[in-house]
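Number of protein chains: 2
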Amino acid sequence: MEEKRTRVNIGIIGFGTVGSGTVKVLWEQKFEIERALGVTVEVVKIVDKDWIRSRSIVIPPSLRGEDPAEILNDDSIDIVVEAIGGLEPAFSIVKEALERGKTVVTPNKELIAKKGKELLQVALQSGSELFFEGSVGGGIPIIHALKEQLLGDDIEEIFGIVNGTTNFILSEMSLKGVSYQEALREAQRLGYAEPVPTMDVEGFDAAYKIAILASLSFRTQVDVDQVYREGITALLPQDIDFARELGYVIKLLAIAKKDKNQLELRVHPVLLPSWHSLASVNGVENAIFVKSRTRNLTFIGPGAGGEATGSAIVGDIIEAIRNLKYSCRGRAGYNFTANFPVKPMKEVVNQYCVRILAYDRPGVLGKIAAEFGACGVSLSAVKQPVSVPDQLTHIYFLTHHTPESQLQLALEHIRKLSVVSDAFAIRVESGS
Amino acid sequence: MEEKRTRVNIGIIGFGTVGSGTVKVLWEQKFEIERALGVTVEVVKIVDKDWIRSRSIVIPPSLRGEDPAEILNDDSIDIVVEAIGGLEPAFSIVKEALERGKTVVTPNKELIAKKGKELLQVALQSGSELFFEGSVGGGIPIIHALKEQLLGDDIEEIFGIVNGTTNFILSEMSLKGVSYQEALREAQRLGYAEPVPTMDVEGFDAAYKIAILASLSFRTQVDVDQVYREGITALLPQDIDFARELGYVIKLLAIAKKDKNQLELRVHPVLLPSWHSLASVNGVENAIFVKSRTRNLTFIGPGAGGEATGSAIVGDIIEAIRNLKYSCRGRAGYNFTANFPVKPMKEVVNQYCVRILAYDRPGVLGKIAAEFGACGVSLSAVKQPVSVPDQLTHIYFLTHHTPESQLQLALEHIRKLSVVSDAFAIRVESGS
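Going down the list, the protein sequences come from chains A and B. Our numbering puts the first residue of the first sequence at 1399, with every later residue one more than the last. Our numbering puts the first residue of the second sequence at 1399, with every later residue one more than the last.
I should point out that these hints are in silico values taken from the structure, not numbers from a laboratory. There could be a bad hint or two in this list.
Which copy? The list can't say, so a pair holds if one copy fits it or any two copies do.
Unchecked claim - Pairs of lysine-lysine, DSS-like flavour, derived with a Cα cap of 27 Å:
{"#": "1", "residue 1": "K1447", "residue 2": "K1545"}
{"#": "2", "residue 1": "K1512", "residue 2": "K1656"}
{"#": "3", "residue 1": "K1515", "residue 2": "K1428"}
{"#": "4", "residue 1": "K1723", "residue 2": "K1545"}
{"#": "5", "residue 1": "K1428", "residue 2": "K1658"}
{"#": "6", "residue 1": "K1723", "residue 2": "K1422"}
Here chain A stands alone, though its shape is the one from the complex (with noise of 0.2 Å):
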């Protein structure tokens, strides 16, 4: 019988903003955890290219280190925190770790989304364990609830707003009337959109996020390629306020869906039911939705955030010990037993929101009506406002549901007509 942990050494690998956080937390809150736990933790060794740039917290120097393998390389170190974001060098340290018998903590959506399957297996085989909870959701604890409580649930829908900087942005086009550029460059003033934003304003971010979520969720082995992605550029004041007019938001939903044995995989805009429960999360705020048979959750709290993803980290530090401690590591393994195929997205079934601008002339609604019926597009609503004859006008339709292929074929007749400069198409989620 293997004699009981008294002490844990930790190692952290990347010290930005995560990786600072977490250690800022794991000490305000060292005498709490070991108490909880009867175990000493200790963070022996803080891993960083650049010492240089001033942090919100202070490392003594005996603590500093500038390569991975001084952590990689110590028997004593027994979990790695990886905070250095991105696939490489974040792939082959995590996976040296794991083989290595080390448990590796990350928030790394990406290296989760693209190499999870694969570390999950380094992990089984060597005894070790990998846990991710900050990966999603920053602070929220939604992976440990789906990996947990959540695990007998028979999940049909999992969707969520897991990306801050486009939630901010539309909060601020929602509340303020603002254009996207107007409200990108507050979100860039403010820090929260880089520079380049294309990761979050594309969707990718959000992409990795329900890779995760589904395969949990499901049980199956997601490919983040087989996500449907469009992003929030083309979003315009005038659909906001359309959306309102009717009892929407518009908000940016990363949508997971079980629909008998194929699964519906896609992040894109949707006017969302103003009742439902991820309306009114605004600003960078994240949330998550999941419909069970039994039960309809949602999670509410920060989506990113040093201390708050901190937390998440120093959640996962905490089950890592206690698995430590009681000799019981991969207790809670995942299983992606089941191997549901992705629906092709013009297979999808939605209601549609259609912004089409055309010249406001004799006849037009009538085209335009036409060509929808012609396509098997049946309409529950209209809307053209007053307009200046023959000027560019928007027109608003929303249609009843009808697949993707449909609502696809109908838009592209639509666009060729003489009287329309554009049609876009934005999607219902009815919200369960």
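With the hints as your guide, set chain B onto chain A.
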């Protein structure tokens, strides 16, 4: 080295709504749960006094029993689900099961609130385990979150809508403008309220639940008798209207806060800002808000219901099975290592909405305002509706922050005024 479990036997004691909901979820998810855990999971005995009444699920006669001893004395049964409710015989049964080394899962809030500490001690001594996710928030996995992912958080506040009956009544009053009595009758008609609704409408049920949440959040064994408790029976539709005008909704909240080294523990109606994530939680839904030093989290979900609570119980069963399989029972034990005293209610500081029933006579407002001022209560808003001279009318006041003792003294003086018939206060929860 003990051989790893390949089979776990479960006994269910009490086969009402929750017991049958649990068995239904277990059976419907049996294949998935077994595949995920690698263990055969069998319900081998279900005990109830009454096998005549109809249920949503049919149980083969071979599984039926009438005496809890059939489960307690059966050494092949690893996990006991207590779904009787109330203090006795539940307490004696759970205690004996734990003493015999069985893992117990129970959603019994009264049992846990009153006897949780004692039962956890029994479990610790016998090496068994006690789980009670379903005891608070029905299907919301808040207990598990507090035990695991949030264990390292420095929690400052936890409050929630933890009683579906009262939330339904308040939602009806708010959405339909009906009186408390009318809303109660509707709740009773729909089966949401008992014929004698005292446990719900006077806040006893919510007090049990906040005692449990506070104990876990602050690592202090809270005595349920220390929870200040006030129900919803005195609320008027006009209160809701006044609140709405100021941007608030009225909710019955169960509140626990740490202020320096004292705990505030209270259940009472509050004015909650309409922007708060709990403000739009309507009907029988429950929701819990946690504010820690690093993150604000909201959990929303079903507060009751056989299958929703059954799913919470199944979540506990899964955790129990993992701990049996990996021989790590006790890994996520509870640590009531802190001992914060409860702050006397008179020292609690709040804003208040005060409703005064007074005669519309010259100088009334001045007299009332003078009494507030004399007790050091300053006012932030007043509303006196157009009324009939010399008739009774409701005047509303919103105070600034003031200790409970001063407010109560002011009310006492105001009630003594000859022009005043009644004075009633509702606390304001700023929502962090």
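Hint check:
1. K1447 with K1545: neither (34 Å within a copy, 36 Å between copies)
2. K1512 with K1656: Only inside one copy: K1512 and K1656 sit 21 Å apart there, 42 Å across copies, limit 27 Å.
3. K1515 with K1428: Between. Shortest inter-copy distance 25 Å satisfies the 27 Å Cα cut-off; intra-copy 32 Å does not.
4. K1723 with K1545: both (20 Å within a copy, 16 Å between copies)
5. K1428 with K1658: between (47 Å within a copy, 19 Å between copies)
6. K1723 with K1422: within (23 Å within a copy, 35 Å between copies)
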